[in-house]
Amino acid sequence: MLNRDTLGALIFLAFFTAYAVFAWQIPLLPFEEMDAVNSASIPKVYAVLGLIFSLLALLAQAIKRQHNRDAGWPQINRRSIGQTAILLLLMWVYTALLEPIGFLLATSAFLSAGFFIMGERRWRVLLLASVPVAVVFWLIMTKLLGIYLVPGELWS
Amino acid sequence: MLDGILLGLSTALQWQNLLYVIAGCFVGTFIGMLPGLGPITAIALMIPITYSIDPSSGMILMAGVYYGAIFGGSTSSILINAPGVAGTVASSFDGYPLAKQGMAGKALAIAAWASFTGGTIGALLLMLAAPTLAKVSLSFQSADYVALMCLGLTAIAAFSNKGTFLKAMMMTVFGLTLSTVGIDPSSGTERFTFGNTDLLDGISFLLIAMSTFALAEALSNVLKPEVKQANSEQPMQIGSIRLSKAEVKEISPAVGRSSILGFIIGVLPGAGATIASFMAYAAERNLAPKALQEKFGKGALRGLAAPESANNAACTGSFVPLLTLGIPGSGTTAIMLGALIAYGIQPGPMLMQDNPDVFWAVIISMYLGNIVLLILNLPLIPYLARVLIMPKAILTMMILFFSLIGVYLVSFNTFDLFMMIGFALVALVLRLLAFPMAPLLLGFILGDMIESNFRRAMMTSDGSLSIFWDKPLTLGIMLLAIVVLAMPLLSFLRLRKAALKQ
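Those protein sequence lines, which keep their order, are chains A and B.
Here this note's numbering is used: position 44 in the first sequence is 44, and no number is missing along the way.
All you need for this note's numbering is the position in the second sequence, starting with 1, plus 1000.
Check the hints yourself; a few may be wrong.
[Stated by the list, open to error] Some chain A residues flagged as far from chain B (calculated, every beta-carbon gap over 10 Å):
1. 43
2. 123
3. 132
4. 152
[To be verified] Pair by pair, the computed Cβ-Cβ distance ranges are:
5. A/62 with B/1465: 32 to 38 Å
6. B/1382 with A/128: 24 to 30 Å
7. B/1482 with A/77: 42 to 48 Å
8. B/1298 with A/119: 15 to 21 Å
9. B/1464 with A/30: 19 to 25 Å
10. A/74 with B/1422: 18 to 24 Å
11. A/22 with B/1413: 22 to 28 Å
12. A/124 with B/1019: 46 to 52 Å
Keep in mind the hints are simulated off the structure, nothing from the lab.
In this text, a Cβ means the ideal position worked out from N, Cα and C, and glycines have one as well.
When you get a sec, could you build the whole thing from the sequences and use the hints?
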């Protein structure tokens, strides 16, 4: 099994390779081509530095490997992974719905769904910790500070 | 300087700024007490609010949050042995044993007084050091700035935990690459936008800070629940918060030494509260007489006082490079720099002349912040400690909500929120792989500044790189950066040699 430091270095190696490919494709403006430093120079430097460091990290792992084979993976249970994934998805849905259905509705639904996912089952808590928060925040923003918050494009 | 102090006093003592200090310390303590949430998260959550107030008030608020978060971190270190902040880990060595012996109140009082003294001595030193250094740095040119920033970036990696140097460097470069997204300010060329108009402006720093710290910290608390939190459900015995004369006498020299040590370490780029507190702890243990030495780790008063005063002094010290050079040395000051730039204020040697109110108000607010922590937060600790029992579901969701809406209120663009969720996922994976996050933030913030200064330097030198070693000052800083870069390599080789010999 891959040790986690090796995996990290490999991920960065892949990222910096991709970055380097795009860095060498940055279109230059005509007048820039004669300049010593142009828009592509610094990204190229970063790409090379990134590649050097990720290769060094791989090399260090290859040397170290003879000594300790299993650099510990953290212990995480499945349920936590599931919860985290659903929370990320929930944030995505909230973002997608924020402008169409409006701040008040989206936020109340987001908060109560989140509490539910985190294991809160008392419906009173679910409601009391979500709707009032959304309403109070909305009142402070729109009435007190005069900041516009989307009322919902679907119904306006 | 007297004018400056008076100006700072008159700004910081305006009633709304006083309110900001108090609110900042309070909110900071609250967030800092929560295990897993650090000062960067606390400050990031404040930034959307600071956009609607003027710069000096905004900085005062953020500085208050910073001290509060460090103080709150000590509280959870002492009470439940779960430091919310890396800078207060050393405080739990002796603080938690004290609390277990039923002297939690005493431990908290020592922490508060030591922090207060450390912060105050730090603020005094800052007041003396900053204007002098600002005068010196007026003569700095673009090439010197590039060299200084290189030093800052390598230093934060070199001072990170043992064995994570390369990881920290990869994160630094990752941050630098992220800063190149968007229209290149000097030529107008589009870079890494992939035809997406939402990326033309680049990635906002608030987005990066919120997703890699606030979101990622809240989510990783869900992913890896802290076992220690279970302890907090038992009712806590705080005990008396009085200190006897003998106790004060015992800790005073330790506090004095650690404050000065902490301040100096805080000024250095890359090293911050964490290193300062560990060094002060180690130094006090070595300095202590034999009989006392054995008490360290089992509830020695000095063992608690030393890291507490050092980390607060270091927090203050880390403002020196930010205010005088405009170069942050830590993740926390990086985020403050981002906020200042958003105000259109360029920190650096000109800050004292262009915006003296900001400069001095921040310094004066440090004294106020320390006083607020002492007289307001200390008595409230037993009540604040109950916060730790607040349902985790509610806390996590509130942080997710405030992070998302905070970014939305600044950009009013849901594309930013989608990007934020993506970055939060990336940060979560990187955290699992044990990558440090602060170098990313620092690299991202310094990226733009390095590029523009580098191009300015190259323009003045007609495209010759020799500008980076022609002047002794530039050369000196450059060499220092290289030495810092080579240090971990040397220690790696030495370890390897020893391992091969066996």
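Satisfaction of the hinted span 22 to 28 Å by the C-beta atoms belonging to residue 22 of chain A and residue 1413 of chain B
holds (24 Å)
Is the gap between the beta carbons of residue 1382 of chain B and residue 128 of chain A within 24 to 30 Å?
At 26 Å between Cβs, range holds.
Residue 1298 of chain B and residue 119 of chain A, beta-carbon distance inside 15 to 21 Å?
Cβ of residue 1298 of chain B to Cβ of residue 119 of chain A: about 38 Å, so the range 15 to 21 Å is violated.
Interface-negative label, residue 43 of chain A against chain B, beta-carbon threshold 10 Å
violated (5 Å)
Would the least Cβ to Cβ distance between residue 152 of chain A and chain B come out above 10 Å?
The claim stands: residue 152 of chain A keeps its Cβ more than 10 Å from every Cβ of chain B (closest is about 14 Å).
Do the Cβ positions of residue 1482 of chain B and residue 77 of chain A conform to the proposed distance bound of 42 to 48 Å?
holds (45 Å)
So the hint says 32 to 38 Å: do the beta-carbon atoms of residue 62 of chain A and residue 1465 of chain B match that?
holds (33 Å)
Is 19 to 25 Å a correct range for the gap between the Cβ atoms of residue 1464 of chain B and residue 30 of chain A?
holds (23 Å)
Please verify that the nearest CB of chain B lies beyond 10 Å from residue 123 of chain A's CB.
holds (14 Å)
Looking only at beta-carbon atoms, does the pair residue 124 of chain A, residue 1019 of chain B fall within the given range of 46 to 52 Å?
Given range 46 to 52 Å: violated, Cβ gap about 34 Å.
Does the beta carbon distance between residue 74 of chain A and residue 1422 of chain B stay inside 18 to 24 Å, or does it fall outside?
holds (22 Å)
Minimum C-beta separation from residue 132 of chain A to chain B exceeding 10 Å: can you confirm that?
holds (12 Å)
Comparing the model with each earlier hint shows violations of hints 1, 8, 12; every other hint is respected.
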